[in-house]
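Residue numbers (numbering that gives the first Met the number 0), protein chains in the order written: chain A, 0 to 361; chain B, 0 to 361; chain C, 0 to 361; chain D, 0 to 361.
In case anyone wonders, no lab produced these hints; they're calculated from the structure.
Mixed in with the good hints there might be a few duds.
[As the list claims (entries may be wrong)] With the C-beta cut set under 8 Å, the calculated list includes, among others, these residues of chain C facing chain A:
1) I230
2) R298
3) L302
Just so it is clear, CB atoms sit at the ideal spot from N, CA and C, and this is done for glycine as well.
Number of protein chains: 4
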Amino acid sequence: MGTDASGAADGRIPVTVLGATGSVGQRLVSLLEEHPWFRIVRLTASERSAGRAYEDAARWVLPSPIPRGVRGTIVEVTEVAGDVPLVFSALDSSVAGPVEEDFARAGAMVVSNAKNHRMDTVVPLLVPEVNPEHLDLLAAQDYGGGIVTNPNCSTIGLTLALAPLHRAFGVRKVHVVTLQAVSGAGLPGVSSLQLLDNVIPFISGEEEKIEIETRKILGSVRGSEVVYADITVSAQCTRVPVVDGHTLCVSVALDGDPSMDEVRAAWADFAALPHTVGLPSAPERPVVYVEEPDAPQPRLHRLLGGGMACSVGRLRPCPLLGLKFVTVSHNTVRGAAGGTLLCAEMLVAQDRVAGVEAPTRP
Amino acid sequence: MGTDASGAADGRIPVTVLGATGSVGQRLVSLLEEHPWFRIVRLTASERSAGRAYEDAARWVLPSPIPRGVRGTIVEVTEVAGDVPLVFSALDSSVAGPVEEDFARAGAMVVSNAKNHRMDTVVPLLVPEVNPEHLDLLAAQDYGGGIVTNPNCSTIGLTLALAPLHRAFGVRKVHVVTLQAVSGAGLPGVSSLQLLDNVIPFISGEEEKIEIETRKILGSVRGSEVVYADITVSAQCTRVPVVDGHTLCVSVALDGDPSMDEVRAAWADFAALPHTVGLPSAPERPVVYVEEPDAPQPRLHRLLGGGMACSVGRLRPCPLLGLKFVTVSHNTVRGAAGGTLLCAEMLVAQDRVAGVEAPTRP
Amino acid sequence: MGTDASGAADGRIPVTVLGATGSVGQRLVSLLEEHPWFRIVRLTASERSAGRAYEDAARWVLPSPIPRGVRGTIVEVTEVAGDVPLVFSALDSSVAGPVEEDFARAGAMVVSNAKNHRMDTVVPLLVPEVNPEHLDLLAAQDYGGGIVTNPNCSTIGLTLALAPLHRAFGVRKVHVVTLQAVSGAGLPGVSSLQLLDNVIPFISGEEEKIEIETRKILGSVRGSEVVYADITVSAQCTRVPVVDGHTLCVSVALDGDPSMDEVRAAWADFAALPHTVGLPSAPERPVVYVEEPDAPQPRLHRLLGGGMACSVGRLRPCPLLGLKFVTVSHNTVRGAAGGTLLCAEMLVAQDRVAGVEAPTRP
Amino acid sequence: MGTDASGAADGRIPVTVLGATGSVGQRLVSLLEEHPWFRIVRLTASERSAGRAYEDAARWVLPSPIPRGVRGTIVEVTEVAGDVPLVFSALDSSVAGPVEEDFARAGAMVVSNAKNHRMDTVVPLLVPEVNPEHLDLLAAQDYGGGIVTNPNCSTIGLTLALAPLHRAFGVRKVHVVTLQAVSGAGLPGVSSLQLLDNVIPFISGEEEKIEIETRKILGSVRGSEVVYADITVSAQCTRVPVVDGHTLCVSVALDGDPSMDEVRAAWADFAALPHTVGLPSAPERPVVYVEEPDAPQPRLHRLLGGGMACSVGRLRPCPLLGLKFVTVSHNTVRGAAGGTLLCAEMLVAQDRVAGVEAPTRP
């Protein structure tokens, strides 16, 4: 399996990580360390970091140590080079747009965590458990390679929780208030002088992203475009003193007025393609209902399913919309690096990366 | 002015604080220290604390030192004694119910922060700026003295923000998600092992209180009862790692579809009785709109108006209900001790405390 | 290998956990879930919890879920029953003393995390990497079974860092200031109202424990007693808003005035028995020097070596004592449950548990 | 009293604040708002802020609102202009050095919070309660005006606590570990992603400053230079998740082996010039011993004496140096803006500012 651009062949698919020194990039590098399908052959960053060993260039913020295999890897400047078929983009949105296009035009399949191309008509905004059929949009791209995007960190958890309800009943209205962790803001991100003993009830652009991305992800593909789901979404976003894990307080109006038992059953029965087809990063159950009366909580539940599952709890009636509940998902694993990785795994499994063969599963 | 039950006359009205050693009791004692109208003559607590000097009995948690005047005051057990006309109750709800009735039957006007009597038909649930006319319910009480209650800490901020809108336009639907500070939970309250780097999306009984109390407070008095306001309220409550100050993310549906400018004008023009009649604890402006794009925030705005004002910000359209905004108010000042004090001041100003004359204002 | 008291034989040694519902008990249960040598056959707690399923009795505070195998295990009251050779005690010190003696007299080897017997003349205070020879004290116990204790959570990290220096040069004076995490205080422990935006510069009894336990652990066994090390230790202890991981600021005076390079070499060369003899919980390197100028930090380094290693950094000259450095170790893994487990593994490996054979290593 | 450079005379002394938009600058502006002696006539900042109204240029981080009087004040670029006799410098150390000299050469008395000139031979490093006689060094400056510096935020608390002991007994050795708040790092300062649930055991340059500044402040003036105190100081500095207030764990060796009662008496009897001569910002008691066993704590004691006092507690024997204790002081009030202000008041009271008369005290 796999083309090996670097010559050092262990059968795994060679990948490049763009923007590897930032916090999302670090998570990606960490998750790729022992990945059964992928092998890092190139790390890029801005000119300031280029030419330095990765361990010197990255200001490491994760609790696990820097993977040995990449400590000495010399970081390169972010520009097209060589012939790597699969590229992960953890670039900042201030630069991601044209750079990702360059790589796609050079033939690479770019899986991006940046917001720049998410709303492009022919770019899939992918949550592999929710809308894998959106990958059919790739046929309408004329890059040579392609671009697939991972949604906003809050939207992923929200759509994972909503998808089973949308499939089973139809979602009509969604009111969501987010309590977001700081790791999503990267470094330096939010100053501790601003956030300790405090809540910041504003995250630039976040409410708009949640309101529109949710409708694209839950929409359906017709020909070469997405028909957005007919759902009214209202979002309020806040930043709270939590390291990892976004908490969402959700109210929903569903078609057909299902009972709470039917709703719980819809979550429990949610069978998702990524686990079925054996993607290495797919959680066994993407949506897990937690029974404790005060669950889910970010510190206790963010690592469920290796950080890839969305936990849900506190389902109860909402006097306004019908039902309300709480979700927690890990914003830098599921909501960023891990989500991006799962997108790439789905692309490979569906043979959508040029020159790369899908690994045979055991 | 003022009857002096204790014999030590400085012209100020003698008051008793029930449950003086808890966190709300401490705030009350602190606020009463230099109060121009009131003078503490008795502090009570449970049998465990009775007989000890206040500074030994109270595990002080406030940043200002224990007031000198009460350090040596011997704490008494909480039971009716003497003839004090005005009683503040900071009792825990596990004991407050019958004790407050005992004091009321003994002739005292009891102003309570406990939840026990809030929903009693003839007991005013008072936010002095919002529903001072609810004090007319007192005429229907047959205690001898009387009971007036202060709402839940979250409800106060919510009703302060809603009242100007309800007066000007009519409020029909309210969706509120609270991000509540820990001081509301008292001591030991929430363990730091549970709350650090975490959010707890559940506070027992809180959502129900907000949903019903809001309707009583914004209701109107007809004869000897309150006609609840015809508003649908949905609340979701969370606890966040903040010391003081509740943050509320609010969505509202108003009658008549006012513009955002009209809504801001309603807040700006909100003239409230407490300041007009010169109550010492009344903030000049009970509702303050804060313009910064990321305001209000608990650490920056909880002390506005000496902790007695409700700050509002981020007014913007809500795709679901029409408008959304954020409020911050101080949960143990405005939301508990300060609110209780303001209720008492209003009672005195309206000559509703037997044997106590309203102070002449300068 | 292993006697199987319960009849359900998978070859692993059956163990009992006393005080299994508290926070240390939870960590123990969690670490024992997939332990290659041990298998839980009995969980005990106070009468309040007895008779309930473990998942109902324990208020779970760990980020990993409750192990499936024990969710339905009925918690029993803490008293001697049956014939289990190895007993872990996570009992509170208010009850641990006599209960642990009862079990030891009934023939069990008790490995305790409680403080009660730590200073007993014939009870080993064991850090397996540091003073395994102290287990010879067991011969002088007349319980039938035996008692071995795990030190205070701060002392373990301190003695791990000091032991290589004491072996290589001799430690004479130690000044240590601790910044301790809240998980060590258990539940409810420290209220979040006391600790948010705060430091509490006092932990009852902690300074005394560190000052004396360090001297016992670094002492030598002569006959049936320990000759305490001739080291002057001064400790100041504080509690900080950190979930897990104690940070220690240490200054030391060593014999012979070694260079900083020699000190680093002593740490790097520290070969410890637990890893050599293949104990499952032994970290490959018990003391890890971290080079970053602002390391070690509790959130980044507490999980080094699976939470069993002590990280050290910032070695530099001390104008007063000669050298200063910083250590971080995980207070509920290495400092409590994991440390206790390692003690038990050492006992088994040395054939010191009656009726239990040491597993053959692969 | 007072020259009025701006023509708008209310009798108060006109002052300039350099670097007014940063966090120390904000505190200064806040403290100067209603100052009885001083009146702000000019605010400066970097070119990026120059020309904007102060309320737009300053990203306000204090819980009290921006003072009305300066909201609309147009921020000017930091360079010598006009003829203001007294200048407060809250400049960043990257630019403060030459700029402060420029102002001093133009005739202004510059009172600086920056580190640049602290160690200059002829520049007083002033804690007005501790070493007011160091102002005699001004005579040896040849600027025309002069430069006086305020020490590092940690050093101020330390020297306030040590000065009474040094006067009464003589201090010989000091070991100090600091637990520092984030406000000292300014904005953006420490990222919340780095500090939440964490301790950072390193603050660049801080240990060196404490070790040397303490010796200068406690030294004596001989002719035109300071003879440094013969004290060995060892400092370890950490950053903790606290907003305001530095906590110091101190061990000291004193001459003459005084008893703990004698040490407490030395603190209690510490009569300091600033309060005696009636400086407006002088706390009544600069050192306050707090008796509670777990005091002092930053959240409870940082505002003692309006944030200008140093609280001390937990005096007890130290096995190594003789005595140990804990101090808390407010790092941005006493440790920065308030301390700078007190220095200026002392200069004025001693008639050391050219063209400015000392106010007559009531």
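Comparing the hints with the structure gives:
no. : hint : verdict
1   : I230 : violated, 32 Å
2   : R298 : holds, 6 Å
3   : L302 : holds, 5 Å
The structure fails to meet hint 1 from the earlier list, while all remaining hints are met.
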